[in-house]
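Could you build all of it, start to finish, from the sequences and the hints given here?
Just so you know, the sequences run in chain order L and P.
Taking this note's numbering as reference, the numbering of the first sequence is continuous, increasing by one, and the terminal residue is 307.
Taking this note's numbering as reference, the numbering of the second sequence is continuous, increasing by one, and the terminal residue is 342.
Among the hints, erroneous ones may be present.
Unchecked claim - Far from chain P by the CB rule (all over 10 Å, computed), these chain L residues:
1) Ala-38
2) Gly-39
3) Val-208
4) Leu-219
Claimed, not checked - Chain L regions said to be covered by chain P (calculated; three or more residues, Cβ under 8 Å):
5) 124-132
6) 140-146
7) 234-245
8) 273-280
9) 283-290
Claimed, not checked - Computed Cβ-Cβ distance ranges for the label pairs, DEER-style:
10) P:Phe-39 with L:Ala-123: 20 to 28 Å
11) P:Ala-251 with L:Ala-123: 33 to 41 Å
12) L:Val-11 with P:Leu-148: 34 to 42 Å
13) P:Gln-189 with L:Leu-139: 34 to 42 Å
14) L:Tyr-199 with P:Ile-268: 33 to 41 Å
Keep in mind the hints are simulated off the structure, nothing from the lab.
We put the beta carbon where it would ideally sit given N, CA and C, even for glycine.
In case you want the letters, here they are:
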Amino acid sequence: MIARVWDSDLFYSFRHAPSAVIAALIALVLAAGALFAPWLAPHNPMDVASLSLLDSFKPPIGMPDADWSNILGTDNQGRDVLSAIMYGMRISLVVGLLSVLFAIVVGVALGLIAGYAGGIADSMLMRVADIQLTFPSILTALLIDGVITAALPHDMRDSLQIYVIIFAIGISLWPNFARTIRGSTLVERNKDYVMAARVIGVPRWRIMLSHVLPNVIGPVLVIGTLGLGLAVIAEATLSFLGVGLPPTQPSLGTLIRFGDDYLFSGQWWVTVFPGLALILLVLAINLLGDWLRDALNPKLR
Amino acid sequence: MVGYIGSRLLQAIPVLLVVGFIAFALFAYVGDPVSILLPQDHTEAQRLQLVKDLGLDQPFFVQYAHFLWLSLHGNFGISYRLAQPVAGLIAERLPATLELAVTASVLAFAIGVPMGVYTGIHRNTLLSRLFMTISLTGVSLPTFLLGILLILIFSVWLGWLPSFGRGTVVQLGHWWSTGFVTASGLKSLILPAITLGLFQMTLIMRLVRAEMLEVLRTDYIKFARARGLTNRAIHFGHALKNTLVPVITIIGLQFGGIVAFSLVTETVFQWPGMGLLLVQSVTSADIPVMSAYLMLIALVFVVINLVVDLLYYAIDPRLRVRRR
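Printed below as a string of structure tokens:
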């Protein structure tokens with residue numbers, strides 16, 4: 007099994023692309039740090055009782071008065087910045103992954119329907135996708151987020167906010183998937199195996215799901231990876247703008263927003279380190295996505 | 019020509035109607051304007067009177083038509099948060115956003131095109147690699163983070179440039195306030211414009227590079243070389259000219275994106291524009307401002323698309339031939 011993976015075309019090109027290997031390593035380290043944060047993080051930033059204001063604004067290692075229990079320093083409440091980043095990245099990654107998953111489900115379903123059914127459904131859906139693509143996705147996400155939040159009763163806002171964000175970002179990304187899937191479906195639906203399935207009376211939904219879908223799903227991996235980078239940035243941006251996750255679930259964007267207030271009083275590390283973590287995460291995802299796109303594109307071999 | 023413009027206009031109208039419908043649906047059904055506008059100790063008679071005044075007892079399509087009618091006359095209702103007419107609020111902030119967006123676009127064009135030409139001609143030099151790396155970082159760097167880092171370096175550490183606001187603005191006439199004519203206004207513009215323009219700059223650079231690589235392979239460039247023209251004449255007179263058609267299209271289409279995207283930059287730099295207004299409205303569930311912004315941005319996009327289509331028509335003679 008391992009030998010088969012090692013010898014496969016995809017893994018061969020992976021081994022020979024140093025940027026992809028480095029990106030994968032970085033992504034793996036960051037994801038592991040985020041996933042195992044409760045066990046790996048030196049402190050628990052969610053545990054308010056352990057915080058002490060006496061520890062506030064300790065500088066990171068390399069500056070005077072730093073100590074090794076807070077490698078990246080502490081924030082205004084004495085929270086360890088490194089631990090906050092690890093917990094924050096956990097939330098950023100979960101929201102990013104779920105948003106992309108939502109966008110894939112919606113985009114693939116609508117793309118299949120548009121491509122296979124054609125006619126009015128096709129032109130309506132693609133018209134909507136085209137219009138949406140001309141707007142920046144962050145504006146779409148912000149407006150959806152704002153409208154749903156306004157419609158929710160006050161006491162439910164904080165607890166439902168994470169689902170609202172996932173929905174808003176997912177909706178802002180679906181056209182990317184739908185257009186690709188529609189394009190490949192248009193090609194597939196005229197092939198002989200689809201004709202054959204139609205002739206023997208397979209229902210339409212089964213042709214779409216078990217015959218066409220497996221043949222058009224390939225590119226979703228690439229768009230999904232690049233979409234994950236976009237989704238992570240979108241969530242961070244919304245949280246930075248103050249319309250994202252509530253302060254009780256601080257993601258990387260929330261940490262950057264809180265740290266932003268202390269930029270002028272000299273405590274740059276509170277905002278710069280979460281920022282660097284975000285850049286590293288997005289850069290690693292984008293490099294992997296770029297490599298995947300090139301590796302899976304037969305024209306470039 | 020007239021038929022072409024007409025068909026584009028006809029395509030734009032349904033888009034605007036749909037956006038108007040969404041905006042109306044938000045306006046009418048999200049949040050309860052009656053309970054927001056009524057005083058705490060209201061009577062049932064007052065409530066019914068307000069429902070009547072707001073036209074909420076009318077049938078759905080009458081309300082929609084009324085809403086469109088008012089919107090066409092620049093009446094977007096009253097902001098829940100600031101209790102002022104929305105149209106005035108937006109008009110007050112429009113100059114700030116437009117000045118920022120125009121500066122960012124000009125900057126992106128003025129730097130992006132030469133960088134793209136250079137990397138297209140000299141593919142493998144060290145400087146080209148550097149430019150390509152910068153552009154990759156530019157794409158991966160979230161806008162708000164770029165703004166924060168610029169503030170940290172140029173405002174906090176070096177103390178060269180202001181980190182928020184527009185500086186001193188001068189009032190031109192009744193409706194326009196400009197930061198272009200004062201020193202502090204121009205200084206305040208630098209960091210936000212870089213923040214907003216960097217993404218566009220990398221986009222333009224990559225596009226010009228790809229187009230240059232494509233064009234430099236064509237026969238007429240080979241022919242120009244055979245004629246013994248100088249490199250300068252070939253690169254700028256023949257090659258660049260032919261790459262600019264798609265570049266101008268993209269810049270035009272992206273301008274709407276810049277206007278919309280400025281909401282992030284404006285929040286980072288506390289720039290008193292439309293984007294900041296929108297973000298503040300979203301935070302406080304101020305639906306009238308949100309629906310007005312939505313309609314305005316849709317209008318901006320439709321107008322820009324139309325202008326770009328017309329430009330395309332004017333620049334590219336092939337389109338005219340195909341139409342006939």
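Those earlier numbered hints the structure runs against, lowest number first: Violated: hints 5 and 11.
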